[in-house]
Amino acid sequence: SGTYRIQIEDQLAIGVFDEPQIQGVVTVLPDGNITAPFAGSLRAEGKTTAELESDLADTYVRLLKLKNPKVTVTIMKIRRIMASIGGDVERPSQYEMRPGMTLRDLATIGGARDNLGDLRHATFTRKDWVESVPVDLYSMMVNNELSQNYEVKDGDSLMVPPKRNQLINVVGEVIRPTNVQWEEGMDLNKILSIAGGPIANRAK
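Going by my numbering, the sequence shown opens with residue 131, and the numbers climb by one from there.
These are computed hints drawn from the structure, not numbers from a lab.
Misleading hints may appear alongside valid ones.
What the hints assert, rightly or not - Here are the simulated BS3-like cross-link-like pairs (lysine-lysine), alpha carbons at most 25 Å apart as the crow flies:
1. 334 <-> 293
2. 207 <-> 177
3. 257 <-> 177
4. 320 <-> 207
5. 334 <-> 320
6. 207 <-> 257
7. 283 <-> 257
8. 320 <-> 283
9. 197 <-> 177
10. 177 <-> 283
Claimed, not checked - Between beta-carbon pairs, the in silico distance windows are:
11. 171 <-> 296: 50 to 60 Å
12. 262 <-> 138: 20 to 30 Å
13. 151 <-> 220: 52 to 62 Å
14. 238 <-> 194: 47 to 57 Å
15. 171 <-> 263: 28 to 38 Å
16. 277 <-> 150: 49 to 59 Å
Virtual Cβ for every residue (Gly too), placed ideally from N, Cα, C.
Could you build all of it, start to finish, from the sequences and the hints given here?
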């Protein structure tokens, strides 16, 4: 789309039209720079390919006296984006994510389900954050509320805590007085059916 921002460890192919000697494949170094053919060290991290092409063109005009060089920068390989999901989900693990994937994608891959963990009280952490932020995965996955559906970055983690004990106490003239685990969307008929229903001729 042209909006992707180059990251450390990305691999780039650089070339100049009608200048076959100016070409090469470079890797973005930990300091965010590349060593481009005939251009030396140049900042690449955080730029789009179009922005880097413009910078390289200016450099080749200045250093090699080329006139209007047509520079191409192609992303050959992107840095692996690894994110993890843990807690009460079906498949807690670390997963490789594609650019543009979001928290909802990570939750789906990890098997976050309302009958397992407490989706309303999940937490999300980026690797350079000191604290986690609360995330309502239930609203995101069930109600399609996407205000917290952040794009996943390398080192992100999502944690789904176990459901807290939320019990409904059913007593009186029912077949099986019991404690019923509360679930989203429960109504009175369902609660009574779990308790076996009212005792005939005795319950009011």
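| task | Take a quick look at whether residue 320 and residue 207 sit within 25 Å of each other, Cα to Cα. | result | violated, 54 Å
| task | State, for the Cβ atoms of residue 151 and residue 220, whether the hinted interval 52 to 62 Å holds or is violated. | result | holds, 55 Å
| said: Quick check on a hinted range of 20 to 30 Å for residue 262 and residue 138, using CB atoms only. | reply: Since the Cβ atoms of residue 262 and residue 138 sit about 24 Å apart, the hinted range of 20 to 30 Å holds.
| Hint check for residue 263 and residue 171 - Cβ pair distance inside 28 to 38 Å | For residue 171 and residue 263 the Cβ distance comes to about 37 Å; the hint holds.
| Within 25 Å, alpha carbon to alpha carbon, are residue 257 and residue 177? | holds, 21 Å
| Restraint status (C-alpha distance of residue 197 to residue 177 at most 25 Å) | holds, 24 Å
| task | State, for the Cβ atoms of residue 277 and residue 150, whether the hinted interval 49 to 59 Å holds or is violated. | result | Given a distance of about 50 Å, which is inside 49 to 59 Å, the answer is holds.
| Distance restraint between residue 334 and residue 293, which requires alpha-carbon spacing of 25 Å or less | violated, 34 Å
| request: For the pair supplied as a hint, residue 320 and residue 283, confirm whether the alpha-carbon distance does not exceed 25 Å. | output: violated, 42 Å
| Holds or violated: residue 283 to residue 257, with C-alpha atoms at most 25 Å apart | holds, 9 Å
| Pairwise hint evaluation, residue 177 against residue 207, where the allowed Cα distance is 25 Å at most | holds, 16 Å
| message | Does the beta carbon distance between residue 171 and residue 296 stay inside 50 to 60 Å, or does it fall outside? | response | holds, 59 Å
Of the numbered hints given earlier, the model fails hints 1, 4 and 8; all others are met.
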